[in-house]
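Using the hints provided, position chain B relative to the given structure of chain A.
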Amino acid sequence: MSKDVMADLKRDHIAKMLSKGIREDGRRFEEMRPITIEKEYVRSAEGSARVHLGNTDVIVGIKMMVGQPFADTPNKGVLTTNAELIPLASETFESGPPGREAIEIARVVDRGIREGQAVDMEKLCIEPEKEVWIMFVDIHALDYDGNLFDAANIAAVSALKSTVVPAKRADKGEDFPLPVAHEPISVTAVKIGEHVLVDPTYDEQSVAEARLTVATNENGNLCAMQKGGEGSLTADEVLRIVDLSRTIGAEVRAKT
Amino acid sequence: MGGTPLPDGIKLMDEQGRRIDGRLPGELRPLKIEAGVLRRADGSAYLEMGHNKVMAAVYGPRECHPRHMQDPTRALVQCHYNMASFSVDDRKRPGPDRRSQEISKIISEALTHVVFTEYFPRTSIDVYIEVLQANAGTRCAGLTAASVALADAGIPMRDLVASCAAGKVANTMVLDLGKEEDNFGQADIPLGYIPRTEEVVLLQMDGDLTADEFRTGLGMAADACKKIYDVQRDALRRRYVVADDGGSEGVK
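Line by line, the protein sequences give chains A and B. For what it's worth, the numbering used here labels the leading residue of the first sequence as 1, then goes sequentially. For what it's worth, the numbering used here labels the leading residue of the second sequence as 1, then goes sequentially.
Be careful, since some hints might not be right.
[As the list claims (entries may be wrong)] Covered stretches of chain A, going by a simulated chain B footprint (3 or more residues, C-beta under 8 Å):
1) 226-235
2) 240-250
[Claimed, not checked] Stretch-level coverage of chain B by chain A, calculated; a stretch enters the list once three of its residues show a Cβ under 8 Å from a Cβ in chain A:
3) 99-108
4) 203-209
Keep in mind that the hints were calculated from the coordinates and are not lab data. As the structure is a prediction and not an experimental result, all values here were calculated from the model. All residues carry an ideal CB built from backbone N, CA and C; glycine is no exception.
The following block holds chain A by itself, in its conformation from the complex:
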């Protein structure tokens, strides 16, 4: 109950500030928080990156394993994405099997990498129908201040770019860098009242009515999208967020 009262107070406060054009942390509406990326953060992983997006802190580790391809893609590697929202990162996360929130984050990041064709999966084939590389993208939230979608996406793309396929260890020839072909970057915006804000903080996200994540590629094309939240968006708002994602995505991509 107290949580609801707090949420109401917070919503009023944030909305009042927004109507004056001010965000809690002084950002412009279409401004991302500062991004820092530390690649190869975990040595035991084949590739990794730790990303701070403002106070949101997330690690993505990439592990590569030899395994069987799917029957319908006998000459392609396999991509598996998982997110763990551990209680260490927020009082709202619980231990145990991933809930709907974690599954959604993992699947949206997965969709960006997969549909954006970040990795040339055919180059991960060892022997068609028999052996391919399986790529595990594991997202680990450490500190949660909103917008895990983009933080995880940035970390995943950065980690992929730092990944070396451990072929020698698996007795499959020489090690080689993961063939990264594209860099799909997602940008998430939320709607609070009539305002659209990019890269929401935890507080902003918790009072937002709707959320839209849009992933774009280097050529400005869209490759993945996901709306969330119980509120609605107009078509114009959707198209505006698409435009924002294309321009901001390009700026973020330059940092990975």
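Quick look at chain B alone, frame taken from chain A:
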């Protein structure tokens, strides 16, 4: 989606611009909705869209379990989307998987927007979507059916949500992708839409689209939702208006 090579001999669109199942780019699959088809549920709907067969049932408002999920200010709309193991070519392992959990989440959110949840504090409104036969577009079919089932259950709603996908096939923007088009097409945009207020309540996209193509697709899907909305309303009207034959059809 995205670069899966087409098996030999399959052409997604012919020279006349007809799609693999004979439809034109802006054509929906045949849609049939019937409200009030189950006896036990408080509300229900059966929907066929092309070769999709989907059943939706609503229970509630009823006591919310687990209790810690209760909200003292409003009802919880909890959707459970499930595919029958026999609904697809390769048997699906029964039970919730990550895909169905994600779909359940976004459909719950879309439906929450139209239900007057504040009328039923501490309760749960459970929406069960069962896909009996799947042929691409089941989340849209499920959402369309679920909103009819909610209305059939007599739950106060702002409006119905209609849902339909647009996509890109053979470099053309088309409506309502079929199975081959979903598997071998270039992009898919499932949309949940309230035609009267022009609100987007569910939106996903995967594949590869330019911003202009997306704009076109969004417009096509929104227009198609208006047609689906009419079919939804018609299904409810048939359920509740006494027909000339004494209203035998679909009465509990």
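Structure-based check of each hint:
With a threshold of 8 Å between beta carbons, the proposed coverage of the segment 226-235 of chain A by chain B holds, since 10 of its residues qualify and at least three are required. A count of 3 residues in the segment 240-250 of chain A with a Cβ less than 8 Å from any Cβ of chain B is obtained; the coverage claim is therefore met, three being the minimum. With 6 residues bearing a CB less than 8 Å from a CB of chain A, the segment 99-108 of chain B meets the requirement of three and the coverage assertion stands. Counting residues of the segment 203-209 of chain B whose beta-carbon sits less than 8 Å from any beta-carbon of chain A gives 7, enough to reach three: the coverage restraint holds.
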